[in-house]
Amino acid sequence: MELIVFVLASAMVLSGAVGVVMFKNPVHAALGLVLTLFGVAVHFVSMEAHFLAAVQVIVYAGAIVVLFLFVIMLLGVDRAEDLTIEPLKLQRPVAAVLGAGVTVLVAGAVVRGADTLGRESVVSAPGDSNIRALARSLYSDHVLAFELTSVLLIVAVAGTVVLTRRVKKSEG
Amino acid sequence: MEPTTTSYLVLAALLFGIGATGLMIRRNPLVMFMCIELMLNAVNLTFVALATRFSDIDGQTAVFFVMVVAAAEVVVGLGIIISIMRRRPGATVDDLAELRG
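If you're matching them up, the sequences are chains X and F in order. Letter 124 of the first sequence, counting from 1, is numbered 124 in our numbering, and no numbers are missing. Position in the second sequence counted from 1, then plus 1000, gives you our numbering.
Hint data in this document are derived by calculation from the structure and do not stem from the laboratory. Don't be surprised by glycine CBs; every beta carbon is placed ideally from N, CA and C. Careful: at least some of the hints might be erroneous.
DEER-style ranges, computed between Cβ atoms [what the hints assert, rightly or not]:
1. F:R1100 x X:T116: 45 to 55 Å
2. F:S1083 x X:I4: 41 to 51 Å
3. F:I1082 x X:V18: 26 to 36 Å
In silico SDA-like links for lysine to any residue, alpha-carbon gap of 25 Å or less [as the list claims (entries may be wrong)]:
4. X:K24 x F:V1066
5. X:K24 x F:I1082
6. X:K24 x X:L138
7. X:K168 x F:M1085
8. X:K24 x X:G62
9. X:K24 x X:A145
10. X:K89 x F:A1097
11. X:K168 x F:S1083
Coverage of chain F stretches by chain X, computed from C-beta distances (three or more under 8 Å per stretch; other residues unrestricted) [claimed, not checked]:
12. 1003-1012
13. 1023-1035
14. 1038-1044
15. 1050-1058
16. 1064-1072
17. 1077-1086
Please take these sequences and the hints and turn them into a complete structure.
Below is the structure:
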């Protein structure tokens, strides 16, 4: 059962990721991203990280992808990318070779280091409920970082408003 | 048979590789942002897999912070893209080479 869920969710993740890279239309790429994010959320559930799975669906698939789609529609770039202009020759083939090399190297390193992890399966019996353990860690050991994230979010929102504001007396 | 930690790590490696490839291949800044999100999700998957393997909740705390930073990064990045696109519609990332002094 665990293996079936793993295989199905992995197929979702990988096909969505390939879709993000391959689709010419940015809207389709965003939908591929949604597929990948839901697959990762399924993996989180099967690894007993229930809170993170919920946050993944709400924040990533809910907020971030909607923001992407909003910007795509707002800018009107929802047409196919013009691939005939090649500013840098050889860039795409070299990039594909480099990406495949990175993938093979990292995956090979993981497989080689598999012995250090032991043969135990991922799912272990947690002593405490997931949300309670996470909250205890977040509000005791990492409370300073947690407060700093609130500062970061405020700064990000204020900065974006300043960036995208239209100045009244601009020449454009 | 159940999936082991290594299978999750290999999946995360594949996802990271696909995201890195897309970041280098695509020229639309929006799609490049989506590829960055793919790479962040690969790292999150690694964190959660190892946190579960070692029964240590700190890995999941790190994923929480990664999500917050990713949300802030997307907001600022899309703001910059909007202000660029408003001035030059249809710009690709290569057109920004004109910014050099």
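For each hint, the structure was consulted:
no.	hint	verdict
1	F:R1100 x X:T116: 45 to 55 Å	46 Å, holds
2	F:S1083 x X:I4: 41 to 51 Å	47 Å, holds
3	F:I1082 x X:V18: 26 to 36 Å	28 Å, holds
4	X:K24 x F:V1066	29 Å, violated
5	X:K24 x F:I1082	20 Å, holds
6	X:K24 x X:L138	41 Å, violated
7	X:K168 x F:M1085	19 Å, holds
8	X:K24 x X:G62	23 Å, holds
9	X:K24 x X:A145	39 Å, violated
10	X:K89 x F:A1097	16 Å, holds
11	X:K168 x F:S1083	15 Å, holds
12	1003-1012	holds (count 9)
13	1023-1035	holds (count 10)
14	1038-1044	holds (count 3)
15	1050-1058	holds (count 6)
16	1064-1072	holds (count 8)
17	1077-1086	holds (count 7)
In summary, the numbered hints that this structure violates are 4, 6 and 9.
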